[in-house]
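Chemist: Quick note, the sequences are listed as chains A, B and C, same order.
Per the working numbering, the first sequence starts with residue 1, numbered consecutively.
Per the working numbering, the second sequence starts with residue 1, numbered consecutively.
Per the working numbering, the third sequence starts with residue 1, numbered consecutively.
Keep in mind the hints are simulated off the structure, nothing from the lab.
Any given hint could be a false lead.
Since copy identity is lost for identical chains, a pair holds within one copy or between any two.
Straight-line distance between alpha carbons at most 25 Å, and here's what the computed BS3-like set of lysine-lysine pairs gives [what the hints assert, rightly or not]:
#1 Lys149 x Lys110
#2 Lys29 x Lys110
#3 Lys29 x Lys149
#4 Lys89 x Lys167
#5 Lys29 x Lys167
#6 Lys149 x Lys89
#7 Lys110 x Lys28
#8 Lys167 x Lys82
#9 Lys149 x Lys28
#10 Lys110 x Lys82
#11 Lys28 x Lys167
#12 Lys110 x Lys89
#13 Lys167 x Lys149
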Amino acid sequence: MHLSFSAVIEILGTMAFTVSGAFSAMQKKLDAFGVLIIGFVTAIGGGTLRDVLIGNTPVAWMRDLSVPLIILATTAITIGFKNHVSNLKITLLVFDALGLGLFTIIGIQKGLAINLNPGICIALGTITGCFGGVLRDMLLNHIPVLFHKELYAIPCITGGICYILLKPVVEPQIAEGVSVVVISTFRILSVRYNWRLPTV
Amino acid sequence: MHLSFSAVIEILGTMAFTVSGAFSAMQKKLDAFGVLIIGFVTAIGGGTLRDVLIGNTPVAWMRDLSVPLIILATTAITIGFKNHVSNLKITLLVFDALGLGLFTIIGIQKGLAINLNPGICIALGTITGCFGGVLRDMLLNHIPVLFHKELYAIPCITGGICYILLKPVVEPQIAEGVSVVVISTFRILSVRYNWRLPTV
Amino acid sequence: MHLSFSAVIEILGTMAFTVSGAFSAMQKKLDAFGVLIIGFVTAIGGGTLRDVLIGNTPVAWMRDLSVPLIILATTAITIGFKNHVSNLKITLLVFDALGLGLFTIIGIQKGLAINLNPGICIALGTITGCFGGVLRDMLLNHIPVLFHKELYAIPCITGGICYILLKPVVEPQIAEGVSVVVISTFRILSVRYNWRLPTV
């Protein structure tokens with residue numbers, strides 16, 4: 001039950017990340033293959049970078065065929081129904097925020113499993129959640145929005161600290177669930193109220 | 001005989017990829033070292049990314065000194081004879097297309113050797129063939145041409161499917177040879193007739 | 001004594017690289033988190049790429065918490081005292097050049113330790129010294145200055161050749177010290193006298 005709940009969020013998160021990449025690619029007038037690759041990189045980039053940095057290879061998407069298939073199907077649907085998909089803005093924001101939360105916690109767990117320092121694990125979780133979007137922006141020749149426009153990393157770090165603090169004192173599912181909710185809620189509120197970090 | 005034939009194509013392909021990178025760098029007015037690095041990244045970027053993703057390290061060019069030496073010599077020749085090299089446009093296109101074909105098949109073989117799913121192996125072969133050019137374009141601050149201007153990946157995927165289908169039923173050299181020819185021919189025709197994928 | 005001298009240079013070099021990244025990020029009006037990430041990537045990017053290419057994972061900064069902490073503190077100081085830090089231009093150039101020298105030699109040593117060819121080790125050292133700046137420029141959407149504006153790699157290669165030649169004939173500390181001085185001095189002179197490689 002616990003596993004399958006995480007699995008559902010992982011699928012919804014992967015779909016939301018793919019849609020975000022595919023839309024950015026369509027705005028830049030890429031061809032269908034370019035849209036697929038940008039969707040793919042947005043969805044799996046963070047986890048792939050994490051796996052490469054810790055030496056967990058072949059990287060995750062090569063061992064679990066369901067992820068590439070979900071991305072392929074999501075890209076096809078996004079291209080086919082692009083006018084309708086853009087009406088799902090709020091639904092997608094929620095899925096995206098849930099995915100951000102779950103991917104962050106998964107990244108932290110992978111770091112803890114190889115005994116990295118908790119602070120490093122939070123960085124690793126944040127990389128997992130956020131760097132697919134950084135790679136998307138690099139491929140599309142933007143400065144990553146993560147660095148100047150939107151609040152992605154601060155929610156991940158906040159939720160990551162919650163997870164590290166809760167894990168020794170409550171059941172694993174509760175630590176996970178609470179942290180995912182903290183990250184998602186913080187992310188959604190930051191979009192809703194247009195929170196920004198100050199430039200310096 | 002078979003091995004040495006592949007080896008010749010690999011050298012010609014490496015040279016053609018290096019020339020393509022070096023020319024792009026010269027158009028951007030980079031210095032001699034920049035031209036070398038862009039040539040180098042274009043030639044070995046795809047195979048390096050493949051090796052990093054599957055954990056095959058140290059990456060290939062670090063273990064086979066002949067590859068860096070060929071790239072160094074090719075860059076020097078390209079800089080020294082830049083006006084003459086640009087007359088070799090068609091020769092370079094043929095070598096580039098043969099290299100694309102061979103590198104794709106080598107990538108697929110590396111994936112099969114560690115028992116990855118055939119679909120993932122085709123993705124790995126396509127990364128091997130195509131991502132040197134993606135890295136070149138990222139370093140030169142373009143959106144990768146692969147994503148909107150030129151047909152690179154579709155020939156690789158088509159030839160990769162041929163290889164996976166032929167491999168169990170014919171001799172290895174024939175499966176390899178046919179697939180390389182499919183990829184190269186498809187690539188050359190796509191340039192000749194200016195085939196594009198639709199934007200979406 | 002020898003170790004602690006290297007350690008001091010490593011800390012000063014890490015700080016100088018972080019400041020260089022943080023300043024570039026502030027010029028692009030990034031937010032505080034963006035400034036931190038660009039500082040971080042500039043400081044550890046070269047060593048991280050080296051570790052990934054040779055399979056030395058988890059990469060170095062994940063195993064030595066002092067490095068992320070130094071970067072975090074340096075970024076905070078740079079943001080807090082940004083008007084004063086810019087007066088330290090010459091001090092920072094010296095630290096940056098010393099860091100470039102030391103990081104290059106550390107990269108060469110990591111390559112020699114796994115029996116890579118000495119030429120490849122010099123390339124690995126140059127990647128260690130220079131590619132943090134390349135990643136910084138890619139994230140900030142520039143063509144890397146390394147490729148057209150400044151002399152970074154030639155000093156690294158020159159000092160690397162010194163190190164390879166001296167290592168078998170003198171004591172390790174002397175080979176290291178002389179090579180770091182060669183790289184740093186060459187780098188500082190190239191800035192002072194505005195040396196450039198020719199474009200081609």
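Chemist: Hint by hint, note whether the structure agrees.
Modeler: Results of checking the hints against the structure:
1. For the homomeric pair lysine 149 and lysine 110, neither the shortest alpha-carbon distance inside one copy (29 Å) nor that between copies (39 Å) is at most 25 Å.
2. Taking CA atoms no more than 25 Å apart as the test, lysine 29 paired with lysine 110 passes in neither setting, with 37 Å inside one copy and 34 Å between copies.
3. Proximity of lysine 29 to lysine 149 under the C-alpha cut-off of 25 Å is found in both arrangements, the shortest distances being 22 Å within a copy and 10 Å between copies.
4. Within a single copy, lysine 89 and lysine 167 get their C-alpha atoms no closer than 33 Å, and across copies no closer than 46 Å, so neither meets the 25 Å cut-off.
5. For the homomeric pair lysine 29 and lysine 167, neither the shortest alpha-carbon distance inside one copy (45 Å) nor that between copies (37 Å) is at most 25 Å.
6. When the C-alpha separation of lysine 149 and lysine 89 is checked against a cutoff of 25 Å, the pair qualifies only within one copy, where the shortest distance is 18 Å, while the shortest distance between copies is 30 Å.
7. Taking the closest pair of Cα atoms, lysine 110 and lysine 28 never come within 25 Å of each other, the shortest separation being 35 Å inside a single copy and 34 Å across copies.
8. Taking the shortest alpha-carbon separations for lysine 167 and lysine 82, neither the intra-copy value of 41 Å nor the inter-copy value of 39 Å comes in at or below 25 Å.
9. Taking the shortest Cα distances, lysine 149 and lysine 28 sit within 25 Å of each other both inside one copy (19 Å) and across copies (12 Å).
10. In this assembly of identical chains, lysine 110 and lysine 82 lie within 25 Å of each other by CA distance neither inside one copy nor across copies; the values are 35 Å within and 37 Å between.
11. Proximity of lysine 28 to lysine 167 under the C-alpha cut-off of 25 Å is found in neither arrangement, the shortest distances being 43 Å within a copy and 39 Å between copies.
12. For a Cα distance limit of 25 Å, the shortest separation of lysine 110 from lysine 89 qualifies neither inside one copy, at 31 Å, nor across copies, at 41 Å.
13. Proximity of lysine 167 to lysine 149 under the C-alpha cut-off of 25 Å is found in neither arrangement, the shortest distances being 32 Å within a copy and 50 Å between copies.
In this structure, the hints that do not hold are numbers 1, 2, 4, 5, 7, 8, 10, 11, 12 and 13, in rising order.
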